Amino acid sequence: MTSRTSLPLTLFLLLALGLPVPGMSQERPPKRFEIRNEPVGKSRAQFLSGLYPGLGQLVTGHRDKGTAMVVAHTGLLVVWLTSHADYNTHEEQLALYEDRYLDLQEGGSFQEAEETWQLMRERKDDLDRSHLLRMTFGLLAAGLYSYNLVDVLWLDGVEPASSALSLEPRRLGDGAGVALVARFD
Amino acid sequence: MTDRLTRILVVAGGAALLAVACSNDVELPTNYHDGRLAAPEQVTSNLTDGTLTIEWQMPTLENVTGLVLSFTDTTGAETTRFVEDGTNTSYVENTISLDSGATWVIRLWAVDDLGFFGPRSAADTLMVP
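Chains B and W, in that order, give the protein sequences.
Read left to right, the first sequence gives residues 423 to 607 (the working numbering).
Read left to right, the second sequence gives residues -18 to 110 (the working numbering).
Keep in mind the hints are simulated off the structure, nothing from the lab.
Since this is a predicted model, take the numbers as computed values, not measurements.
Ideal Cβ positions, reconstructed from N, Cα and C, are used throughout, including at glycine.
One or more of the hints may lead you astray.
The calculated lysine to aspartate or glutamate pairs, modelled on DMTMM-like cross-linking and capped at a C-alpha distance of 25 Å, are [stated by the list, open to error]:
1. B:LYS546 x B:GLU513
2. B:LYS464 x B:ASP578
3. B:LYS464 x B:GLU581
4. B:LYS546 x B:ASP525
5. B:LYS546 x W:ASP6
6. B:LYS546 x W:ASP15
7. B:LYS546 x B:GLU534
8. B:LYS546 x B:ASP521
9. B:LYS546 x W:GLU8
The calculated label-pair distances, taken between Cβ atoms and stated as ranges, are [said to hold, decoys possible]:
10. B:ASP525 x W:THR46: 16 to 22 Å
11. W:THR29 x B:GLN527: 37 to 43 Å
12. B:LEU473 x W:ASP15: 51 to 57 Å
13. W:THR41 x B:GLU536: 16 to 22 Å
14. W:THR29 x B:GLU528: 37 to 43 Å
15. W:SER71 x B:GLU528: 24 to 30 Å
16. B:GLU536 x W:GLU59: 19 to 25 Å
Using the sequences provided together with the hints, build the complete structure.
In structure tokens, the structure reads:
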């Protein structure tokens, strides 16, 4: 590592650790760590959860639950919307085949009608599969959203979470340090 | 009790809204082609003294208003004749080439009043001696 790059890196590390930097003024003791606790109000958390499941839980410290809800709901929405788009595509194709089938009634032949009928049946099967998929995932997404609402409105979903384990800064001798703190309620 | 009812209403309302928004009321149209017209059966061709006679049987005359006879040669070229009376069971053909060595594949199918062509019969092959 060259001296040109190592000097800024050293200064950055010293500043990050709050240690005195040679040549800097020592007028007031450096503020090594600042812990700010800005609790989010319950109504705001409920509003966020209303916007998207899991957001209210996340901002109030329920990280596991909030993350699981955001990820699960996003996945469910993606599958739901994809299968919904598939359903619409199959529906349009089925309508085209249906028009063709009905046109064949006058001047068409049995062979053409039979081929078109088989294509329509295949498309209808695809349509039913897409419908089942979108209903399943739509219901799951709606269920998760409803549970999310119940969680933030009636359960303790947006009560501030107290973490059992945390990393907290501690003064260790003359230098700065970090302590792993466990709380037992 | 009110809270519980509200929860049930929230979940049921969401499910009902989704069910209405995602209804699958698409149905196939009525099948009109299966069984509408029967295929002619027992198609035979007889060449006697330069006259070709084709005979057949119809299992049922339901919806039949006419018949189409198809003659296909070895090159794939097709010549058709229309029999206007659907109750006929024979047709005399005297315009196609019946030179020695000629081969014709003969098929028939029924036609209804809308002009829909029914299923084709089994092929009968005529080889001119």
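Hint check results:
{"no.": "1", "hint": "B:LYS546 x B:GLU513", "in the structure": "holds, 8 Å"}
{"no.": "2", "hint": "B:LYS464 x B:ASP578", "in the structure": "holds, 10 Å"}
{"no.": "3", "hint": "B:LYS464 x B:GLU581", "in the structure": "holds, 7 Å"}
{"no.": "4", "hint": "B:LYS546 x B:ASP525", "in the structure": "holds, 19 Å"}
{"no.": "5", "hint": "B:LYS546 x W:ASP6", "in the structure": "holds, 11 Å"}
{"no.": "6", "hint": "B:LYS546 x W:ASP15", "in the structure": "holds, 18 Å"}
{"no.": "7", "hint": "B:LYS546 x B:GLU534", "in the structure": "holds, 18 Å"}
{"no.": "8", "hint": "B:LYS546 x B:ASP521", "in the structure": "holds, 14 Å"}
{"no.": "9", "hint": "B:LYS546 x W:GLU8", "in the structure": "holds, 8 Å"}
{"no.": "10", "hint": "B:ASP525 x W:THR46: 16 to 22 Å", "in the structure": "holds, 20 Å"}
{"no.": "11", "hint": "W:THR29 x B:GLN527: 37 to 43 Å", "in the structure": "holds, 40 Å"}
{"no.": "12", "hint": "B:LEU473 x W:ASP15: 51 to 57 Å", "in the structure": "holds, 54 Å"}
{"no.": "13", "hint": "W:THR41 x B:GLU536: 16 to 22 Å", "in the structure": "holds, 19 Å"}
{"no.": "14", "hint": "W:THR29 x B:GLU528: 37 to 43 Å", "in the structure": "holds, 39 Å"}
{"no.": "15", "hint": "W:SER71 x B:GLU528: 24 to 30 Å", "in the structure": "holds, 28 Å"}
{"no.": "16", "hint": "B:GLU536 x W:GLU59: 19 to 25 Å", "in the structure": "holds, 20 Å"}
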